[in-house]
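Trainee: On the provided structure of chain A, position chains B, C and D as indicated by the hints.
Residue numbers (this note's numbering), protein chains in the order written: chain A, 1 to 264; chain B, 265 to 528; chain C, 529 to 792; chain D, 793 to 1056.
These are calculated hints, taken from the structure and not from any lab test.
Virtual Cβ for every residue (Gly too), placed ideally from N, Cα, C.
One should not assume that every hint holds.
[Said to hold, decoys possible] What follows is a list of derived Cβ distance ranges for each label pair:
{"id": "1", "chain 1": "A", "residue 1": "Glu53", "chain 2": "D", "residue 2": "His831", "range": "33 to 39 Å"}
{"id": "2", "chain 1": "A", "residue 1": "Arg55", "chain 2": "B", "residue 2": "Glu500", "range": "44 to 50 Å"}
{"id": "3", "chain 1": "B", "residue 1": "Val267", "chain 2": "D", "residue 2": "Glu928", "range": "42 to 48 Å"}
{"id": "4", "chain 1": "D", "residue 1": "Pro1004", "chain 2": "C", "residue 2": "Arg534", "range": "52 to 58 Å"}
[Stated by the list, open to error] Heads up, simulated BS3-like pairs for lysine-lysine below, C-alpha to C-alpha not over 27 Å straight-line:
{"id": "5", "chain 1": "A", "residue 1": "Lys116", "chain 2": "B", "residue 2": "Lys383"}
{"id": "6", "chain 1": "A", "residue 1": "Lys116", "chain 2": "A", "residue 2": "Lys20"}
{"id": "7", "chain 1": "D", "residue 1": "Lys908", "chain 2": "C", "residue 2": "Lys648"}
There are 4 protein chains.
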Amino acid sequence: MPVTDRPLRITVYGENRHEKQDASVQALYPEGMHTAIAHGLEATLGNLGQGTEIRIALLDDIETALTDEVLAETDVLTWWGHMAHDDVPDEVADRVVRHVHDGMGLLALHSAHYAKPFKKLMGTTCNLRWRNEGDEELVWTVNGSHPIAEGVPHPIVIPAQEMYGEMFDIPAPDELVFVSSFTGGEVFRSGCCFRRGKGKVFYFSPGDQEYPVYHQSEIQRVLANAALWARPAERERTPVQITNAQRDWFRAGDRPAEESLRVI
Amino acid sequence: MPVTDRPLRITVYGENRHEKQDASVQALYPEGMHTAIAHGLEATLGNLGQGTEIRIALLDDIETALTDEVLAETDVLTWWGHMAHDDVPDEVADRVVRHVHDGMGLLALHSAHYAKPFKKLMGTTCNLRWRNEGDEELVWTVNGSHPIAEGVPHPIVIPAQEMYGEMFDIPAPDELVFVSSFTGGEVFRSGCCFRRGKGKVFYFSPGDQEYPVYHQSEIQRVLANAALWARPAERERTPVQITNAQRDWFRAGDRPAEESLRVI
Amino acid sequence: MPVTDRPLRITVYGENRHEKQDASVQALYPEGMHTAIAHGLEATLGNLGQGTEIRIALLDDIETALTDEVLAETDVLTWWGHMAHDDVPDEVADRVVRHVHDGMGLLALHSAHYAKPFKKLMGTTCNLRWRNEGDEELVWTVNGSHPIAEGVPHPIVIPAQEMYGEMFDIPAPDELVFVSSFTGGEVFRSGCCFRRGKGKVFYFSPGDQEYPVYHQSEIQRVLANAALWARPAERERTPVQITNAQRDWFRAGDRPAEESLRVI
Amino acid sequence: MPVTDRPLRITVYGENRHEKQDASVQALYPEGMHTAIAHGLEATLGNLGQGTEIRIALLDDIETALTDEVLAETDVLTWWGHMAHDDVPDEVADRVVRHVHDGMGLLALHSAHYAKPFKKLMGTTCNLRWRNEGDEELVWTVNGSHPIAEGVPHPIVIPAQEMYGEMFDIPAPDELVFVSSFTGGEVFRSGCCFRRGKGKVFYFSPGDQEYPVYHQSEIQRVLANAALWARPAERERTPVQITNAQRDWFRAGDRPAEESLRVI
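Isolated chain A (complex conformation) (with noise of 0.2 Å):
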């Protein structure tokens, strides 16, 4: 797997509330969800040979926590949200599609399907099924040769999960990776890769509060991958531009310098 000598930059944005008032979710996940997603990809993305640098975003002090300065020295931000996709400000939402307009990388996990940042990039409802009654999910790969599916089983067998079914009404994502079975018969399209700006988006369904998901090496796996597929090409962070283009400036002499060029 393709490395870089820089560390990867990564901030976790967890939510936080069912961690503290949901027994059940408190006895999988004692440190909260956000803590075994950190720890899962500094562990499995440190064996694929990427060094990191992870910072934890909760939804308590989302508006320190989520500034632009942060934002600015994230290459990927992972969200979980679920109970209150409602108390994230309208301007952190729009300061976090901004950035993945300017290249910052996206991993939205489950519930994130309605966070306030996706519907955004998405332009659709994101509505969906669902149901939960611990079906066993099998996360299926159907693309050969992407990076996210990489070393993950075919498929990845989830014991118990909330079910999310079609119709889940998204854009047709640039890429489909996995797509999702579970008991009662349903599919759903759980991995799905969207380009954005110059940022790149994952969609990964799994991961309900209720089941102990993100402590499966599997899924860990596919958060590594993805986080190292969605971080940004290695130059300036800017948005691609409204620009007023006289005639043939791109032309010698007319040219500006070479670097600034290469930003589009």
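Mentor: Structure of chains B, C and D alone, referenced to chain A:
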């Protein structure tokens, strides 16, 4: 070209501001750009055997012209706006987006790349490069079997047009139909299909107010084809639902009435 | 559903070997699978208001049944084959591919994933996982606005079918319409659209010879929808050309007759 | 740019016929086009921190230069051919296709749009429009986050090149990275990604033998990026399999060794 007995119900949204204040635009479109667009659609669809019912909706009356009732009776909405995108109320933009999710078609024309509903449906900045110096635009078909390209010359020659150039910050289109080049050498993905929810969106870039583009029969043919492509399926207008599904909800006995199944 | 006055000319290719030697298949399809497919198309398209002219072409007469003349008069070819793919002469397979490039539609059914023309159009092995133990198959729609899913229940329940499972080695479909799950938990991209040249290809996996799948009205509706989707544009049947183009070939004066321009 | 410790094993296939008979080509590429391509890859990848092992394979020795053994040890094969496509034996073309299915990357360069392995992988005619009059070619990036566009000017200016124009008869690329325009106004999808089986294919159109395109550093950067993108995952080289799968084959007990699961 396949048609239906039911008239195609099209609402033509026009900003109608340049027409009021710029003599050059008045000269090209004395009855407003919306009238040229509407007449072109009516005549071209008529020639193809498709009846139409066309309404005009102008910015000045937008609150009453684009109500939920009107949109519910609209199969395809065309949208041209440029200088007054910000005067479109957010609630109207959200309403249009909602109706696209429900199944309404949307044709976003030229500077509507920056219209509120289009940007919300894309989830990107929709930035681009531009130059208003009367470049010749050549519109090339890059999809050999797409219905929107049926009967369209290869290339369409537009003698003078505003240049729109890449990088155009949109999601990769679900289907790319046209790519344009300009005198200055720039290229642009000028005909792009997107599916969002149960609705279809076609972006078509030719059509600056300074040039008589909507009087060109080839352009009218593209818009007519796009309207036929974008019309919704004949079914109840609702978005994809968020649903809690009991195990085996779809099996005999538990099965809802056939008709309700058909809306996903 | 949009239709045309011109009858849709469909050729139903059937291998017709299992029907001759397997009593179980004879019991399900006493007049051959091709007859069930043809009758289903005729009746369902008729109900949708689309007239048809349907021919049958069987493997035993394939050289005369799938001549260039027949294919030139075919809007959409359906293909069912299984045990005798190798008995299809290479020239016939190449001929079918050529006609798809020219604009003919192709519906590849079930085990036609291994048919010579389909494999040549895909460029992949078309390998997959399978099990013939009568799994229940559920066919889920994953595209909210696709015409092939119009009027189709969500899910289609097929009481018993051969299991086809991922990894299915096809190129990523241009549009993914259906995904199936099976009793055993496997998933399959069961409804896939591809554009090749000027022709459209739809692969639909339900339909093993051991089960009465083609007698199911929902399956017949999918095939009818697919035939409407796959029919070619009303233009001269030619492939995309290799052409040496003089500078300015498309400008006034040098410009060929309008009609010839329309074929790309 | 992410790299690996393992050298990237590249085989550069060159037809090497024009170089022997056309003085103009000899003048531009005195050591053959393959040598310029190989040196460009070696130097550029070296600058990016990626070591390489590069072999040359020429048409005159193709039977021994592109054996199964060589291809099995090749991560990425580059292919330039033009006047002698037909001299490539069918078995060698089939062998290359098979190795792409197994995971080998393929960079198809310029007139390799007509090379036997490329056509077999596409399933289309690969026809296009062309003119050899030294048009200026501008190569524009249309994908804001694709690794093949990293560090590449927007546009790349190629002072003189053969024109390749649409309609280009390929399947819609899985990812479209570059679109070119030419002095004569034509456009071309010049940088196209395809996934086939477990392998990745990148088609890049600049590079006619009459022009010094492969000496341009921006072009070398594109090829280096593409080689990094196209290299296979670090796993056993096999195609997607056809497999008869027993019910529950993937569950504990029946489960094969972890490693074998990883190859889909």
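Trainee: A separate judgement is required for each hint: does it hold in the structure or not?
Mentor: Results of checking the hints against the structure:
{"no.": "1", "hint": "Glu53(A) / His831(D): 33 to 39 Å", "result": "holds, 38 Å"}
{"no.": "2", "hint": "Arg55(A) / Glu500(B): 44 to 50 Å", "result": "holds, 47 Å"}
{"no.": "3", "hint": "Val267(B) / Glu928(D): 42 to 48 Å", "result": "holds, 44 Å"}
{"no.": "4", "hint": "Pro1004(D) / Arg534(C): 52 to 58 Å", "result": "holds, 54 Å"}
{"no.": "5", "hint": "Lys116(A) / Lys383(B)", "result": "holds, 15 Å"}
{"no.": "6", "hint": "Lys116(A) / Lys20(A)", "result": "holds, 22 Å"}
{"no.": "7", "hint": "Lys908(D) / Lys648(C)", "result": "holds, 13 Å"}
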